[in-house]
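Engineer: Here is how the chains run, residue by residue.
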Amino acid sequence: MSSHQIPEENLPAEQEAPHGAVRVADEENPFADPGLPPHEPRVQDIDERAAKRSERTVALLFTVSMLATVGFIASFVTIPHDKSIFVFPLGHLNAMNFALGLTLGVALFTIGAGAVHWARTLMSDEEIADERHPIEASPEVRAKVHADFKQGAKESVIGRRKLIRNTMLGALTLVPLSGVVLLRDLGPLPGTKLRHTMWSKGKLLVNMNTNQPIRPSDVVVGSLSFAMPEGMSEHDENFQSEIAKAALMIVRLQPGDIKDKRELEWSHEGIVAYSKICTHVGCPISLYEQQTHHALCPCHQSTFDLSDGARVIFGPAGHALPQLRIGVNDEGYLEALGDFDEPVGPAFWERG
Amino acid sequence: MSTAPSTEARSRGKSPAGERVADWADGRLGIYSLAKANMRKIFPDHWSFMLGEVCMYSFIIIILTGVYLTLFFHPSMNEVTYHGSYVPMQGQLMSEAYASTLDISFDIRGGLLIRQIHHWAALIFLAGMFVHMMRVFFTGAFRKPREVNWLFGFLLFVLGMFTGFTGYSLPDDLLSGTGVRFTQGAILSVPIVGTYISMFLFGGEFPGHDFVARFYSIHILLLPGIMLGLMVAHLILVFYHKHTQFAGPGKTNKNVVGMPLMPVYMAKAGGFFFLVFGVIAAIAGIVTINPIWGIGPYRPDQVGTGAQPDWYMGFAEGLVRAMPGWEVNFWGHTLVLGVFIPLVVFGLFLAVIALYPFIESWVTGDKREHHILDRPRNAPTRTAVGVAWITGYLITLIGGGNDIVATHFHLSINAVTWFVRIGFFLGPVLAFVVTKRICLGLQRRDKEKVLHGREAGIIKRLPHGEFIEVHEPLSQEQLHTLTAHEQYRPVEIGPTVDENGVERKPAVTEKLRAKMSNAYFGEDSQIPKPTVEEYKEITSGHGHH
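Residue numbers (full-length UniProt numbering), protein chains in the order written: chain F, 1 to 352; chain H, 1 to 545.
Incorrect hints may appear among the rest.
What the hints assert, rightly or not - Once the Cα atoms are required to be at most 16 angstroms apart in a straight line, the calculated EDC-like pairs of lysine to aspartate or glutamate come out as:
#, chain 1, residue 1, chain 2, residue 2
1, H, K144, F, E136
2, H, K41, F, E136
3, H, K242, F, D82
4, H, K41, F, E140
5, H, K242, F, D130
6, F, K193, F, E48
Keep in mind the hints are simulated off the structure, nothing from the lab.
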């Protein structure tokens, strides 16, 4: 199965005699390895003036680097850190960042360029062949290691004293458990945390922008506004985690446009409230197309039809957005008539 | 002790200071034995061997700049009101992590530059690893004895992805927070343990107060620590195995031809570090990356459009965007296939490329060491597999930016998504077929060149009026280079009847191996390379064909 004709040897030494690149092909094997081509001297190897020029170029590059470092320090000290400059064609840039980046870039680059130019023009460029040695050990070494190992294992009596071996394995298996147990307090158990939000019966819908409770007349047809439950404040300890579940989208449709029966029942005068958190992986849905009543999640483009129970009409989301049942309280403000009846946000194993 | 004074006295008197220091160190560290093997170590020259260096140097740059950033960054989600010098954010509520990132960008001189170098170097690090892996893959440099080093490199790539992700999540800005939310949603989709992992990772419900601090220790300590270890091991193995080289005159499987570490490669490779660093510093001075000040602090109920992860996470993003939203509900449980399948495919897709060397060596049954690189055309099936993999990767990458593609090219997002859904399966197959054909075509051309010479571009008119194009024979160097590759013969299933006439059923694995071997090395998968006899027959015929 394996191959054949791997040219493994260098050709005989006489073929390596340094003369013209093209040699007459060997009679036996025209494809034979002709050996390393002879070294061709560079201009710097022959002409001392060219070598001097290279030397000056390298020195110049290193000198430019020194100057650039001086430039870096000068920029750091002199440029006000909030100064903005216009650089064509890049546009407006922070002057200090621009100056520091360029001077540092030049200071570093010219060191590299100098070193590489030095290596390419002045250091010997003669190719040398180095022998490789097989990675695997020789049979003698292999045998010796195996014998040593057997000897060591025998002297440890681990093979004979099974009780020691078994209890040691038991102990070593158990001891990492302490480490695992210690990780327990990384977080609480899920419990039913993902099933509840801050919404409950009688909680007013508060406009996210104005922080005011909402009257049905505030919500015009075709608008999209965002609400949170009353009593929540940005300064609350758990505001971020709570708003991640409670964020609400309010849309007013013509009641006649609502196709889903339950949606109509849970709405108030065509005002419907849906969870703002996408059921795919939890991005906040924030794009609404009033003509089609489609809401689009900008992260992964799941599209929901808000006039039809917020069912998924495109994209990777797996189920409709949960709807919040709303009504109006005695003072004429929109209020929740309970929590969401299903978990908001991405689906999970226990969701059911 | 008794002999020491005389030699020490001598060395003190005569040898230069550098030599005395080296002697001192050798007496304690044994550096001379190390230097004997390595100081004049030979490195072969090829531009593609620099790709690994780009990775190593950008990793060093990331560590250097990262240490600087830790001096100023506060990995805390405590809520603060911003009072720094960036006017549009003044008075805003934000986490300390975000506020300290603003401070690094606006109030600490040079802070923005270092932040941008750090981020640019990370992108280049990942891109470098990707291209370096491609180089190793397509030239077959992963073959024995380098399979383990391929795995080390692969792990570096995967850990690099996660280090990058935990890093860009730290500023707690709106964009990265959205990415973290995405990750949390993906974790929730894991059957049975998803909610537990999520609660334990975030210290409760998302986002909680812990993830920045936890990601921080993962980002600056855990992952880079492992990566540093892997990188050192990777380099030790590169030194130990010595570099591979392309076939050519004087280059064999038993030697390595090139120039010595000292001085040529010290200057070239050392200088290259400064070139890489210089270019990245200049880019960081000119091109803004991740302007978190324009995005705002994270709020789980807010989002921006065009949310994109860093490029190396784009293919995971694409898998999630393209997947239909399948959910299966049963016995009070939900199987979130729409998210979990992409998560699994993400792992499998990467695993395929990690395990490829072992698959190939099983098919070839080749247990020899390989130090001469293949030209990609001479391993058509491998090359085609690689291109198919990259095609799948790129198509999902497009899927990861389906919104950007749609808005930039005025396409329907639904159409782009459907393109990705179909293309993910069809694209790799097409790429496989096309690549294989191109490889075979190139092999034919090589054969033609060996047997008939190079087209000289000279048209000659013969005495009887016929026009011919002159073909120039190749030099022996070229002939050798073009015929140096080895060609496998497909494995065949052994006799199904043994010496006693008893029928034997070939094992399923044996059949599979024969099939795969035929796909790799059968008649349709490689062009037999020119033989000496063919060459002699044609060249002795003293005619041009």
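Engineer: A separate judgement is required for each hint: does it hold in the structure or not?
Structural biologist: Evaluated hints:
This hinted pair checks out: K144 (chain H) and E136 (chain F) have alpha carbons roughly 11 angstroms apart, not beyond 16 angstroms. Simply put, K41 (chain H) and E136 (chain F) have alpha-carbon atoms about 20 angstroms apart, too far for the 16 angstroms limit, and the pair is violated. The suggested pairing of K242 (chain H) with D82 (chain F) is violated, with an alpha-carbon distance near 51 angstroms, which exceeds 16 angstroms. For the proposed pair K41 (chain H) and E140 (chain F), the alpha carbon gap of about 27 angstroms is over 16 angstroms, so the pair is violated.
The hinted pair formed by K242 (chain H) and D130 (chain F) meets the criterion: a straight-line CA distance of about 10 angstroms does not exceed 16 angstroms. For the proposed pair K193 (chain F) and E48 (chain F), the alpha carbon gap of about 81 angstroms is over 16 angstroms, so the pair is violated.
When the structure is compared with the earlier hints, violations turn up for hints 2, 3, 4 and 6 and for no others.
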